[in-house]
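Trainee: Each chain is listed here by its residues.
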Amino acid sequence: MAKKEYSFYPGCSSERKASASNYMVSVNAMCEKLDIKLNEIPDWNCCGASIGYAEGGELPRHVMNARNIALSEQNNPGQDIVATCAACWLGAKETADRLDASEQLLADTKEVLKEAGLDIHLKNEAPIRHMVEVLIEDIGYEGIKQPMVKSLEGIKFAGYVGCQTNRPFGVDGESFENPMYLDKMVETVGGEAITDYERKVTCCGGALAFSEPEKSQKQIKDIIEAAYDQGADMIVTPCPVCQMNVEVYQDQINKHYGTKFNIPVTYYSQLLAVAYGGSAKDAGLDGNIIRAKQLEEIAAK
Amino acid sequence: MSDVNTAMVQKYRNDFLKEVEENVEEGHWVKMCMQCGVCSGSCPFGPDWAHPPQEIFMMIRAGKRDEVLTTESMWMCTSCYNCIVRCPRELPITHIMHGLANYAHRLGIAPKMNPTRRFSIIFWNNITKTGRVNELALSLKLYFMDGFMSGIKNAMAMASVGIGMLKTKRLNPFALINHKGVKNPKQLHVLLKKAREIEDRRKGIAS
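Note that the protein sequences, when read in sequence, are chains A and B. Once you know that position 33 of the first sequence is 33 in our numbering, the rest is easy, because the numbers rise by one and skip nothing. Once you know that position 179 of the second sequence is 179 in our numbering, the rest is easy, because the numbers rise by one and skip nothing.
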């Protein structure tokens with residue numbers, strides 16, 4: 001039996017041939033070594049993300065998340081719901097909080113879910129959690145170190161926590177302005193963390209990278225520039241939107257601002273997967289558009 | 001839609017604060033704002049808001065209904081939640097901004113061509129169609145929202161991004177044909193329709 005077991009909400013971007021498919025690959029490799037079993041919520045749907053607000057409104061948005069929670073309660077009873085995506089985590093957690101706080105909203109949601117033969121109880125005292133919480137709180141830094149067979153020594157990381165893994169809920173014991181857990185994770189597997197990285201919690205523009213590209217790319221430029229300024233070899237993040245926004249627009253930013261950005265943007269799970277002896281493929285490094293060569297070299301050793 | 005707007009104007013007369021409290025998500029918090037301005041100073045797109053959140057709160061209390069509901073300001077929210085965690089009175093500012101934008105949109109008086117409003121609609125329709133995001137359809141719909149020629153231009157400008165995603169297997173080139181969502185999207189549509197009906201009934205918006 002696995003050491004730890006969770007009800008898993010993978011989210012849209014983690015699917016095969018989706019924008020964070022390599023995040024999922026590395027999470028699987030990481031969890032295998034940590035003896036974590038992820039039981040996928042059957043037939044889960046999109047969380048609605050934040051940007052769904054204009055057309056989605058309030059109750060329809062909560063129903064999207066409540067359906068997932070109900071499916072989890074039914075199929076994976078008693079297990080914590082764990083998400084790897086910041087938006088999925090935020091959406092599900094926010095809905096659980098709101099339904100818990102409003103009898104009216106809970107009653108309305110129940111009435112809607114009944115149409116699909118579902119019910120939501122929220123009696124599951126286990127909260128809705130992000131994968132980094134599982135690592136920090138359930139596994140612990142000592143536990144994260146245990147399966148380590150290789151050190152990431154010699155690589156300097158700018159830990160970019162971003163917004164939604166950090167706000168509004170955040171991780172227990174960490175500050176909103178300067179969370180340290182990502183740096184600690186980097187150091188745990190032997191990497192060098194830039195602990196005073198200036199743009200650690202700066203917004204990348206999120207979904208507005210699509211609708212307001214110039215304004216968002218200005219944010220992204222600042223995030224990358226600060227990483228270079230402090231001598232980073234690569235950026236590491238826990239969020240699929242941060243990863244994508246900061247990685248894929250570097251060409252366009254270079255054209256617009258005359259910069260020469262070409263910095264890899266990785267996931268914490270890729271770092272752990274490599275440190276645990278995984279190949280570049282196991283760690284999803286073949287999914288990075290700007291290749292993380294130093295990580296690939298360590299993985300090949 | 002403008003009928004709904006007229007009905008709301010008649011119902012609330014000059015009491016815009018009451019209208020917001022009763023119809024906007026988390027709107028009952030508005031009167032708690034003490035005008036410190038931390039939200040406005042914390043917003044990543046702050047300088048791009050014609051009226052930053054602090055100002056919006058005061059404008060609501062001053063009854064500036066048209067100015068608030070037709071501004072592009074709230075549509076600048078990136079959902080970074082900086083304002084929420086910094087607000088000394090703990091107002092759920094992000095949600096109130098989303099709520100105001102949604103309310104203006106439902107009344108049909110939100111700025112029609114605002115790109116974030118349009119993207120939000122495209123996004124919601126995309127995810128609810130099958131229950132899961134179809135990233136290819138989402139990008140194409142966005143690029144082509146102003147017609148074919150500008151769509152080609154947008155797609156060309158974004159070509160390097162798309163090719164990068166394809167090469168790394170992070171985009172499904174056949175997603176218009178083989179995208180998979182939930183098992184029974186029709187049932188999901190029934191749920192969402194019912195949710196919208198209940199919400200409209202509670203808020204007095206006839207759809």
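Hints in this document: simulated from the structure, not taken from any laboratory. Any given hint could turn out to be false.
[Said to hold, decoys possible] Subject to a maximum C-alpha distance of 35 Å in a straight line, what follows is the list of computed DSBU-like cross-link-like pairs (lysine-lysine):
1) A:Lys17 <-> A:Lys3
2) A:Lys37 <-> B:Lys203
3) A:Lys17 <-> B:Lys203
4) A:Lys114 <-> B:Lys203
5) A:Lys281 <-> A:Lys3
6) A:Lys17 <-> B:Lys169
7) B:Lys153 <-> A:Lys293
8) B:Lys64 <-> A:Lys114
9) A:Lys218 <-> B:Lys167
10) A:Lys4 <-> B:Lys203
11) B:Lys64 <-> B:Lys167
12) A:Lys215 <-> B:Lys183
13) B:Lys169 <-> A:Lys255
[What the hints assert, rightly or not] Looking from chain B toward chain A, a few residues come up when the C-beta cut is under 10 Å (computed):
14) Tyr12
15) Asn14
16) Asp15
17) Asn102
Please read these numbers as outputs of a predicted model, since none were measured by experiment. From the three backbone atoms N, C-alpha and C, an ideal C-beta is built for every residue, glycine too.
Trainee: Now tell me, hint by hint, if it's right for this structure.
Mentor: Each hint tested on the structure:
no.	hint	result
1	A:Lys17 <-> A:Lys3	holds (30 Å)
2	A:Lys37 <-> B:Lys203	violated (43 Å)
3	A:Lys17 <-> B:Lys203	violated (40 Å)
4	A:Lys114 <-> B:Lys203	holds (22 Å)
5	A:Lys281 <-> A:Lys3	holds (25 Å)
6	A:Lys17 <-> B:Lys169	holds (5 Å)
7	B:Lys153 <-> A:Lys293	holds (33 Å)
8	B:Lys64 <-> A:Lys114	violated (41 Å)
9	A:Lys218 <-> B:Lys167	holds (26 Å)
10	A:Lys4 <-> B:Lys203	violated (44 Å)
11	B:Lys64 <-> B:Lys167	violated (51 Å)
12	A:Lys215 <-> B:Lys183	violated (38 Å)
13	B:Lys169 <-> A:Lys255	holds (25 Å)
14	Tyr12	violated (19 Å)
15	Asn14	violated (26 Å)
16	Asp15	violated (22 Å)
17	Asn102	holds (5 Å)
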